[in-house]
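Visitor: Here are the chains, one letter per residue:
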Amino acid sequence: MPAPHTDDIALRVRAIESLLVEKGLVQPAALAAIVETYETKIGPHNGAQVVARAWTDPAFKARLLSDATAAIAELGFSGVQGEDMVVVENTPTVHNMVVCTLCSCYPWPTLGLPPNWYKSAPYRARAVIDPRGVLTEFGVELPPEKEVRVWDSNAELRYLVLPERPAGTEGMDAAALAALVSRDAMIGTGVATSSSGAAR
Amino acid sequence: MNGVHDLGGMHGMGPINPEPNEPVFHAPWERTAFGLFITTFAGGHFNVDEFRHAIEKMDAAHYLESSYYAHWMHAVEDLLVQRGALTSAEIDGRMAQLAKEAA
Numbered sequence: 003m004p005a006p007h008t009d010d011i012a013l014r015v016r017a018i019e020s021l022l023v024e025k026g027l028v029q030p031a032a033l034a035a036i037v038e039t040y041e042t043k044i045g046p047h048n049g050a051q052v053v054a055r056a057w058t059d060p061a062f063k064a065r066l067l068s069d070a071t072a073a074i075a076e077l078g079f080s081g082v083q084g085e086d087m088v089v090v091e092n093t094p095t096v097h098n099m100v101v102c103t104l105c106s107c108y109p110w111p112t113l114g115l116p117p118n119w120y121k122s123a124p125y126r127a128r129a130v131i132d133p134r135g136v137l138t139e140f141g142v143e144l145p146p147e148k149e150v151r152v153w154d155s156n157a158e159l160r161y162l163v164l165p166e167r168p169a170g171t172e173g174m175d176a177a178a179l180a181a182l183v184s185r186d187a188m189i190g191t192g193v194a195t196s197s198s199g200a201a202r
Numbered sequence: 567m568n569g570v571h572d573l574g575g576m577h578g579m580g581p582i583n584p585e586p587n588e589p590v591f592h593a594p595w596e597r598t599a600f601g602l603f604i605t606t607f608a609g610g611h612f613n614v615d616e617f618r619h620a621i622e623k624m625d626a627a628h629y630l631e632s633s634y635y636a637h638w639m640h641a642v643e644d645l646l647v648q649r650g651a652l653t654s655a656e657i658d659g660r661m662a663q664l665a666k667e668a669a
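Residue numbers (this note's numbering), protein chains in the order written: chain A, 3 to 202; chain B, 567 to 669.
Next comes chain B alone, as it looks inside the complex (with noise of 0.2 Å):
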C-alpha cells in the first residue's frame, strides 16, 4: 500500500530532535491507549496484520498531524466498531457524558 505512512526517503519532515530520557508515555492517555490495544488485540478483536492496514488507511493529512498513539487510539476505535464490540453513537454519547462530569 503506497500510502503516506511510507515515509522512506521523504524529504521535509523537519529536524529529529531526540528527547533526553524520555518517559515511556507521555501523558496518562498514552498509558490507557498501549493498555487498550494489548488487551483487545490479546482478546482475540483483531490481528496485527489488521491493526496496521486500519493505521495505514488513515487520512493522509490527519496521520502527519497526529501523535503516534493517537493512531493506535485511530485503529483500535475503528476495528471495534467494524467489528460490532463498540459503536461510534456510543462513543460519541460517552465522551458527552464524561465531558459533563468532568464541566
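Excised from the complex, chain A in its bound form (with noise of 0.2 Å):
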C-alpha cells in the first residue's frame, strides 16, 4: 500500500530515489538537470517577456490572442504543460483570473512551476465561488462595476492573463516593462502597475 498517513515523507522519497537508481530507471544527473532547469531557467521571467512584447507590438498581441501557443513559441517558449494555451486579456472593464479548481494545472513553459497557495485547497476552493474576496487577499481592489471572469485550467489547456498595461509608461521598452510584470499578474491575483516587480 501506498503512505500511510504518519509516515516520514522525506526518508520515502530518498527510498524510492534510491532504488529507482540502482535498478537503472532514473539517472541521477538527468533528474538534477530538470530540477535545476525548474528552479533556475524556467519561471515567470519568460511570461513577462511574452505581455511586454503584446504591450509592445500590436502585430504581435493579435497573435497571441488568437493562437497563443504559437505565438508564445516564437519567444521561444512550449513544451510540457504549455501545448495548448490560451491568452486572455486585462480590459478596463474586465479582469481575468486563472485557478485550477482539480489539482494544479499551470503554464510551466512561461510561469515556470506554480506558488503552493495556487496548489492549495482554499485558493482552489474559493476562486470560483468568491473571486472578488480572493483578489481582496492578495490586495487587489477591482471597481464594482468591473466584470471578473475564472478561468478554470485543465489537463489539456492553460491560460496565462495578459495584464493591462499600467499608465505612465508609454516611453518604456519591452525590457523595462517586463520587470513590471509580476507572476500574479499573469495569473490575475494581480494587476502590473508602473512599480511592480516580477518577484511575487
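Note that these hints are calculated values from the structure, not bench results. Mixed in with the good hints there might be a few duds.
Claimed, not checked - One-sided and incomplete, this derived list gives chain B residues near chain A with beta-carbon spacing under 7 Å:
| id | residue |
| --- | --- |
| 1 | P584 |
| 2 | R597 |
| 3 | G601 |
| 4 | E667 |
Note that this is a predicted model, so its numbers are computed, not measured. Just so it is clear, CB atoms sit at the ideal spot from N, CA and C, and this is done for glycine as well.
Reconstruct the complex from the two isolated chains, following the hints.
Guide: The following block contains the structure:
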C-alpha cells in the first residue's frame, strides 16, 4: 500500500529514489538537470517577456490572442504543460483570473512551477465562488462595475492573463516593461503597476 | 470523478496565505519528488491521466492533510508498484535501512 498518513515523507522519497537509481530506472544526472532547469531557467520572467512584447507589438498581441501557443513559441517558450495555451486579456472593463480547481494545471513554460497557494485547497475552493474576496486577500481591489472572469485550467488547456499595461509607461521599452510584470499579474491575482516587480 | 480533489466552490478551507518570495521547492525532498516524477513519466512508466487518477483516488482525509508533492509521490509510488517497477516490501526495507544508517 502507498504511504500511510504518518509516514516520514522525506525518508520515503530517499528510499524510492535510491531504489530507482539502483535499478537503472532513474539517472541521477538527468534528475538533477531537470530540477535545476525548473529552479533557475523556467519561471515568470518568461511570461513577462510575452506580456511586454504584446504591450509593445500590436501584431504580436493579435497573434497571441488568436493562437497563444504559436505566438508564445515565437519567443522560444513551449513544451511540457504549455502545449495548448490560451491568453485572456484584461481590459478596463474585464479582469481575468486563473485557477485549477481539480489540481494544479499551470502554464509551466511561461510561469514555471506554480506557487503553493495556487495548488492548495483554499485558493482552488474559493476562486470560483468568491473571486472578489480572493482578490482582496491578494490586495487587489477592483471597481464593482468591473467584470471578473475566472478560468478553470485543465490538463489539456492552460491560461495566461495578459494584464493591462500600466499608465505612465509609454516611454518604456519591452525589457523595462517586462520587469513590471509579476507572476500574480499573469495569474490574475495581481495587476501590473508602474512600480510592480516580477518577484511575486 | 466526484472526489475530494474537486474543490471548486467548497467552503471552510481557510485563508489563502500567499508566501512572499516563495522558493520553487520548500524542502530537498520536494526537489527530489519533482525530479522523480519527471524522470519516471518521461521513462514511460505512466501517462499524465494515470498520474492524475492516482492522486484523485487518494484517501480523502489523507489528500486534504498532505502536501502537494506528497500527492505526487503517492501517485508515483502507487503507479510504479502497480507496474511492477518497485515493490512495497522493497520500499519498506530501504526505508528501514536508511533510517538505521541515519541513527
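Visitor: Each hint should be assessed against the structure and marked as holding or not.
Guide: Now for the hints, and whether the structure bears them out:
1. The interface hint given for P584(B) is met, as the beta carbon of that residue sits about 5 Å from the closest beta carbon of chain A, less than 7 Å.
2. For R597(B), the interface hint holds, the least distance from its beta-carbon to any beta-carbon of chain A being 5 Å, beneath 7 Å.
3. With a cut of 7 Å, the hint placing G601(B) at the interface with chain A holds, because the nearest CB-to-CB distance is about 4 Å.
4. Using the Cβ-Cβ criterion of 7 Å, the hint placing E667(B) at the interface with chain A is not satisfied: the shortest such distance is roughly 10 Å.
Checked against the numbered hints given earlier, this structure breaks only hint 4.
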